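There are 4 protein chains.
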Amino acid sequence: MISVGVIGYGYWGPNLVRNFMEAPGSTVVSVSDLSPSRLAELKNRYPSVKTNQNYEELLGDPAIDAIAIATPVTSHFGLAMHALQSGKHVMVEKPLTATSEQGEQLIQEADARNLVLMVDHTFVYTGAVRKIRELVAGNALGEIYYYDSVRVNLGLFQHDVNVVWDLAVHDLAILDFVLPFKPVAVSATGIGHIPGQPENIAYITLFFADSQIAHVHVNWLAPVKVRRTLIGGNEKMIVYDDLEPSEKIKIYDKGVTVSHQAEAVYELLVGYRSGDMWAPKLDNTEALRTEAMHFVDCIENNKCPLSDGCAGLRIVRLLEAAEESIRARGQLIEIGN
Amino acid sequence: MISVGVIGYGYWGPNLVRNFMEAPGSTVVSVSDLSPSRLAELKNRYPSVKTNQNYEELLGDPAIDAIAIATPVTSHFGLAMHALQSGKHVMVEKPLTATSEQGEQLIQEADARNLVLMVDHTFVYTGAVRKIRELVAGNALGEIYYYDSVRVNLGLFQHDVNVVWDLAVHDLAILDFVLPFKPVAVSATGIGHIPGQPENIAYITLFFADSQIAHVHVNWLAPVKVRRTLIGGNEKMIVYDDLEPSEKIKIYDKGVTVSHQAEAVYELLVGYRSGDMWAPKLDNTEALRTEAMHFVDCIENNKCPLSDGCAGLRIVRLLEAAEESIRARGQLIEIGN
Amino acid sequence: MISVGVIGYGYWGPNLVRNFMEAPGSTVVSVSDLSPSRLAELKNRYPSVKTNQNYEELLGDPAIDAIAIATPVTSHFGLAMHALQSGKHVMVEKPLTATSEQGEQLIQEADARNLVLMVDHTFVYTGAVRKIRELVAGNALGEIYYYDSVRVNLGLFQHDVNVVWDLAVHDLAILDFVLPFKPVAVSATGIGHIPGQPENIAYITLFFADSQIAHVHVNWLAPVKVRRTLIGGNEKMIVYDDLEPSEKIKIYDKGVTVSHQAEAVYELLVGYRSGDMWAPKLDNTEALRTEAMHFVDCIENNKCPLSDGCAGLRIVRLLEAAEESIRARGQLIEIGN
Amino acid sequence: MISVGVIGYGYWGPNLVRNFMEAPGSTVVSVSDLSPSRLAELKNRYPSVKTNQNYEELLGDPAIDAIAIATPVTSHFGLAMHALQSGKHVMVEKPLTATSEQGEQLIQEADARNLVLMVDHTFVYTGAVRKIRELVAGNALGEIYYYDSVRVNLGLFQHDVNVVWDLAVHDLAILDFVLPFKPVAVSATGIGHIPGQPENIAYITLFFADSQIAHVHVNWLAPVKVRRTLIGGNEKMIVYDDLEPSEKIKIYDKGVTVSHQAEAVYELLVGYRSGDMWAPKLDNTEALRTEAMHFVDCIENNKCPLSDGCAGLRIVRLLEAAEESIRARGQLIEIGN
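Residue numbers (my numbering), protein chains in the order written: chain A, 34 to 370; chain B, 34 to 370; chain C, 34 to 370; chain D, 34 to 370.
Chain A on its own, in the form it takes in the complex (with noise of 0.2 Å):
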């Protein structure tokens, strides 16, 4: 049984705290926040978790196995550091850090004290995304040639982060676990329409090494909530529109047909074909509890997590990349490993 202690129970921390309470393997055994009212709230409903607005004292329980972290992300790096020093594992709510140095340190630091870190790229861990990634590493979509994907909404502005850092995080961490090739240069673009307040509009292009192409669009005003992803093969295409309550995945058997006639050469050498459409059944396990009991395997059996530091680390680089790509307007900037 891992005891497990929460820091943050503001948006996210009670669904950090339900699932490692309910988990089998797991139990959260204190939670820290700054706000007493918070805490009230959580002693209502756990009245046998013991709560604190001093974090360091989850850090000083011996009792205590492994922290997860739901904070504002500029103390994501300061608390997990602090927390593997304390020999703890962690779990650190995406993006892994403010920025890419501080994300090389804590890898370094959980490496040097053989600690796992992971990071909670929460859409990993959802059916729908373990199925893309099945059907993809299997190749059944033959050649990929694209990855789109759209996120919007009327969301509420964050403080510290801008559209990027808070909506694009999600699709940059679900294309790196699902594509088997890695991004090398971002072109990006964006503009925040709100004085005083960062980019609420962005859209960010991905170049790899060879001929494919990802594209991220997130905008926290949109008048409609879309959340659909397109993938495209040269065999097969995936539709993935998280908002659908049951067919989240669709696979479309269509593509191009290119003829090789000479003769052919006046006519239109690129032709289509359409075929069946195929929504597999997704296992509708919450994604937060898959990812919890899979904390815990990775604790108990020394084992690398699926979104390790160092798939959190790609994705802060990822976004370090976009956000100077906007900055500059558009202007390509390669990849850092």
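Calculated from the structure, these hints are not laboratory results. Since this is a predicted model, take the numbers as computed values, not measurements. Careful, some of the hints might be misleading.
The list treats identical chains as interchangeable, and a pair is accepted whether it falls inside one copy or across any two copies.
In silico DMTMM-like cross-links for lysine to aspartate or glutamate, where the CA-CA straight-line distance does not exceed 25 Å [stated by the list, open to error]:
id, residue 1, residue 2
1, K336, D144
2, K76, D98
3, K258, E319
4, K258, D193
5, K258, D275
6, K336, E167
7, K283, D193
8, K258, E268
9, K283, E134
10, K283, E176
11, K83, E55
12, K258, D274
13, K164, D209
14, K314, D193
15, K215, E176
16, K258, D286
17, K258, E176
18, K215, D275
19, K83, D309
20, K164, E89
21, K258, D309
22, K258, D316
Knowing the structure of chain A, use the given hints to seat chains B, C and D on it.
For chains B, C and D alone, coordinates are given in the frame of chain A:
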């Protein structure tokens, strides 16, 4: 009664012939195409219309007032220039020309001869787009923040142009028509997946003098058809879905609210509000019918068309800039005037 | 502050407990259920609430003002009658009782003791249904022609009731609430496909004194979930889709036009017209919260609930008539009063 | 080459002419209509086709092999009988005749003369409906439980028939074609809202020898267009949405599971299971083209059409029974044979 000669009876030509035949105030007297079988098909449907394979016969026919051109893009300039020099009013299929230089020359020639030069930006004449222009002009959205359009499907590859010149031209013509400001720079990305073929996917960001932004996403290799435009303002937002059978335009009374309370510094300063949605009844007249009548009206009353040569030229300049930026992987390209 | 005791902590009971706990003006002091494990679950979430397996303890507790009952239908009458006789105000899960006779007795008992008797017709308290009632009452639709509802999905079979008593009860309660006239006769059909199980599909037509008609279609064995109601009037029509995340109600300015020209005898005399569509903003308060507060208000201020015993009884009479008609394969059954 | 004469060039006639003109194996030689302006319109499009206002000229023309009739329902019998008596093969617009007696006489006449008599049940020739029949025949759904269809929109009122004869005829023809059993009784309800006009809304339940059920809902006064059929089996279920542009048929691997455990007596005995969804590619050939070719094939090879006179008669009997039941407010009407 305006007598029209049509050059090109391939994909779009039959629509031009039908509309100029049926619209009050115009008739089609002659059609030219290189293909005898296409001409035979025309003859079967319209036995009264003269046909020939040599377009010059149309230009030399004094009974013809105006020429409508529906041929591949590279031939637009030569045919239109010849028609103007023969004293004919001209309507050219979109895009106006293959280069902005060609567009400038056509405008000069038409001006010098006091002839009507019109480009067939069909969407500009739909009930939906005219309503959007009316709403924007009437300040119904408040301050405009962004214009975002997706136009993707599994489409036939064109021989002579890429997806930008084939599909994005529609979106650029629409936004040029409805927005009260003009783009000043472009950053675009895109790629071709079929060897030997042009780009089949592209993402175009347009910048304006102020903090507006526009984005156009086009794709010939998508498994589903999407034709959706979002236009966001600080007071209202529009969703224009051209695939909706009836309510193509929805106006959402949604937006953000900005708090200026000093004491709210630790709170979210930007909230959002949500009100009614409204879908106005639209004029369902076929766009090309409206356009044909407008062309006739411009000829008879010496008016300047809504989609005149200058509008056509502005779009060609955007297409050139987008293509240049795509080749340079997102590099910012200023729009010339 | 009204102190509530809840009998039944199965599927719906937790929602009652949560809402009476969180609504201003009420609190839950005691919960009874036959299952110790259900009570343990409650105790974990609400340690302050008393639990017991014998509901009579709640009835004998002078600290309890009102009883909310969420048990199988056949037990409604016995529990509610006992609660009323113990001097408690009563809210009963829908349908009010298993027979109209039982409903009549409960109404008499509550009247005699001047206690509030309310049936939990939850939909009546949603923002959507309240808006429909407001529109109909304000004559926004003109003369009402029809009410047509579809409520189908792949659902769990109930032990003690068929799909009419389980699902159609919602539609009957809604139409009873929003329509300005009451049904006078029923013709219904339906069938059970699983041996030993009750009807899982049913179609119910309601007739009124004038030429209105209503129809309810319910099905436990549908592959997709549908919750859609059409209400047609001679001036406007409503589409109420409860699965829409935001625009649940759409009002169409559509209808027919009748020509009275004598000379038009060989023409179509009935045409149709189509205007704007409008989706009003709805109150998003959880229906059960609104309902809990309404129950408290009725108790404290001696008011009659919107969904009082008489409303509950009217619905039970319709359910009985529908069931009788189904058994007789569509035979017309008059509604008793 | 079969030479066809077409009687009636109103709403549907032009589709018949176009398809018999373009289908291999047939041509249209003559068209009759009472309206000179309709005939002029035809002449403009098909100058080679003869026209006349007197249909008897077609019947007397020895060059004509077959007659296609697209006139108001009440005239079907007279025209078809006259055509058969003139030795012509006959295709009649749906419904076959205005009464079942008339249908019986036509069948007798065609049999006696060994002529093809076909009713234009167009949907039966669509790729979607043919695929459904193939799936049902191949036992893909397991045991069929129900057939449920909704066909509503804001439609033009017909002069001579009510909504049942105008719209429900399509659903009845489809279910007659795809289901492996025939209805034995009908209970239907419906009403007319426009004074002096026939029923504009109707609900028809069909009973079968076993525990299957079918239901058809038609409405001329709906604010939205719906064309959706659910077919439920114990192993799989179909959703057929004719308004979907591409995936018109979806097959859901969903159903119920029945537990036979004695000890589960207090548990739910019926659960449900959910698997993949699949949308097969459909043949997109225009239904009327397929049908025209089938008519020609039946004439040339002395075959019985899929939609022969007997199919037409079965549908007329259902329409008569439904109408009789509507007049009697749902009374059960046995289907005659």
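Going through the hints against the structure:
Proximity of K336 to D144 under the C-alpha cut-off of 25 Å is restricted to the intra-copy arrangement: shortest distance 12 Å within a copy versus 68 Å between copies. In this assembly of identical chains, the alpha carbons of K76 and D98 lie at most 25 Å apart only when taken from the same copy (21 Å versus 28 Å across copies). Taking identical chains as interchangeable, the C-alpha atoms of K258 and E319 lie at most 25 Å apart whether they share a chain (21 Å) or sit on different chains (21 Å). Taking identical chains as interchangeable, the C-alpha atoms of K258 and D193 lie at most 25 Å apart only when both belong to the same chain, with a minimum of 23 Å there against 37 Å between chains.
For the identical chains of this complex, K258 and D275 are neighbours both inside a copy (10 Å) and across copies (17 Å), given an alpha-carbon limit of 25 Å. For a Cα distance limit of 25 Å, the shortest separation of K336 from E167 inside one copy, 20 Å, qualifies, whereas the shortest one across copies, 51 Å, does not. Taking the shortest alpha-carbon separations for K283 and D193, neither the intra-copy value of 36 Å nor the inter-copy value of 33 Å comes in at or below 25 Å. Proximity of K258 and E268 under a CA criterion of 25 Å is satisfied inter-copy only: 18 Å between copies versus 30 Å inside one chain copy.
Neither within a single protomer nor between protomers do K283 and E134 lie at most 25 Å apart by alpha-carbon distance, with minima of 39 Å and 46 Å respectively. Only within a single protomer do K283 and E176 lie at most 25 Å apart by alpha-carbon distance; the minimum there is 18 Å, versus 27 Å between protomers. Both within a single protomer and between protomers do K83 and E55 lie at most 25 Å apart by alpha-carbon distance, with minima of 17 Å and 23 Å respectively. In the homo-oligomer, the alpha carbons of K258 and D274 lie at most 25 Å apart both inside one protomer (11 Å) and across protomers (14 Å), since each shortest distance falls under that limit.
In this assembly of identical chains, the alpha carbons of K164 and D209 lie at most 25 Å apart only when taken from the same copy (14 Å versus 40 Å across copies). For the homomeric pair K314 and D193, neither the shortest alpha-carbon distance inside one copy (38 Å) nor that between copies (31 Å) is at most 25 Å. For a Cα distance limit of 25 Å, the shortest separation of K215 from E176 inside one copy, 15 Å, qualifies, whereas the shortest one across copies, 39 Å, does not. In the homo-oligomer, the alpha carbons of K258 and D286 lie at most 25 Å apart only across protomers (15 Å), although the nearest pairing inside one protomer, at 27 Å, exceeds that limit.
For a Cα distance limit of 25 Å, the shortest separation of K258 from E176 across copies, 21 Å, qualifies, whereas the shortest one inside one copy, 30 Å, does not. For the identical chains of this complex, K215 and D275 are intra-copy neighbours only, at 23 Å inside a copy versus 35 Å across copies, given an alpha-carbon limit of 25 Å. Taking the shortest alpha-carbon separations for K83 and D309, neither the intra-copy value of 55 Å nor the inter-copy value of 45 Å comes in at or below 25 Å. In this homomeric assembly, K164 and E89 never come within 25 Å of each other (Cα to Cα): the closest approach is 40 Å inside a single copy and 52 Å across copies.
Proximity of K258 and D309 under a CA criterion of 25 Å is satisfied inter-copy only: 16 Å between copies versus 28 Å inside one chain copy. In this homomeric assembly, K258 and D316 come within 25 Å of each other (Cα to Cα) both inside a single copy, at 24 Å, and across copies, at 19 Å.
Checked against the numbered hints above, the structure breaks hints 7, 9, 14, 19 and 20 and satisfies the rest.
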